[in-house]
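Asker: Once you have looked at the hints, place chain B on chain A.
For the record, the sequence lines run as chains A and B.
For the first sequence, the residue numbers in full-length UniProt numbering are 1 to 64.
For the second sequence, the residue numbers in full-length UniProt numbering are 1 to 263.
In short, the hints are calculated from the structure, not lab data.
Nothing false has been slipped in among the hints.
Straight-line distance between alpha carbons at most 30 Å, and here's what the computed BS3-like set of lysine-lysine pairs gives:
id, chain 1, residue 1, chain 2, residue 2
1, B, Lys164, B, Lys240
2, A, Lys18, B, Lys81
3, B, Lys126, B, Lys69
4, A, Lys8, B, Lys88
5, B, Lys33, B, Lys130
6, B, Lys64, A, Lys18
7, B, Lys64, A, Lys27
8, B, Lys126, B, Lys64
9, B, Lys88, B, Lys126
10, A, Lys27, B, Lys81
11, B, Lys69, B, Lys81
12, A, Lys18, A, Lys8
13, B, Lys173, B, Lys69
14, B, Lys64, B, Lys81
15, A, Lys27, B, Lys69
16, B, Lys81, B, Lys126
17, B, Lys88, A, Lys18
18, A, Lys27, B, Lys33
19, B, Lys69, B, Lys88
20, B, Lys130, B, Lys88
21, B, Lys173, B, Lys240
22, B, Lys245, B, Lys173
23, B, Lys130, A, Lys27
24, B, Lys69, B, Lys130
25, B, Lys88, A, Lys27
26, B, Lys81, A, Lys8
27, B, Lys64, B, Lys130
28, A, Lys27, A, Lys8
Letter by letter, the chains look like this.
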Amino acid sequence: MDIIINGKELTLTSSELKQCLIEYGAKAPFSVAINGQFVPQEQHANYTLNDGDCIDVLSPIQGG
Amino acid sequence: MLPPDNITIYGEQFSSRLLIGSALYPSPATMTKAINASGADIVTVSLRRQQSAAAGDDFWQLIKNTGLKVLPNTAGCHSVKEVINLAKMCREVFATDWIKLELIGDDYNLQPDPFALLEATEILIKDGFKVLPYCTDDLVLCQRLDELGCEVLMPWGAPIGTGKGLLNSYNLKAIRERLPNSTLIVDAGLGLPSHACQALELGYDAVLLNSAIAGAGCPITMGRAFKAAVEAGRFAYNAKAMPEKDVAAPSTPTMGMPFWHQT
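Looking at chain A on its own, in the form it has when it is part of the complex (with noise of 0.2 Å):
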């Protein structure tokens, strides 16, 4: 299966969101959005990715 994760192509072994996370590397804090919607933590181990979803991980920078 093929993704797109912050903006790069990723080709998974599991179609499980919090295996693709894994996967992808990310570090604590973040928070996830699938195709521009955000999906909660709790149901990150439950969630399952189709094809082509584009994945954004965003983590705290800095701000004005």
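Answerer: Only chain B this time, still in chain A's reference frame:
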């Protein structure tokens, strides 16, 4: 002598009337020192795609070490959908229901979209957020935001990052007079400590700024300068300024003046 007074934001008390941004500093160490020098109790942060986990973690650790209240923003959003999703992501990461709601309508001057801002504010407040909307200095917009449940309103002084100061103090005064119970914060466009002082003199409860300190030649000293300016402005507001006059009036007594009317 009037006692020092705190500012209340969504039920929480703060002694500083300066909210500070965490962006654009020349180094993380300078950021930390400038924030400390400013005396701010609240610091703004944001969320972006995770690039280097280590770098992001370092920044977040520095902010946590300040011990300040964190105010996440939705900077860069251009639609209601974007802003709602980013606000929810901020709530999850920063564990706060406070959100500095930025929803840009025009990239030329980074002006907030007043119509989408109202729509997003209504949705977020219903979802339990405490919304601090970055808005234009439009009285009716501010009234509508107040009616939706915003206890805090943050009209701009000038477009973000311009350093122009209060471009329309008449509008800002009108908002202050018509919404006497709202917590009002001038957000964006300030460049000098005197701009911040002026906002507080008008009766604004606080100012929020970033570039004016981070972009200064010495951000640490400028942080200290803004701290003093905000304090001066608030003292001046509480002390109630003398009425302005069009005609000169001597301050030194004229009675007993020697040589008076001598030729």
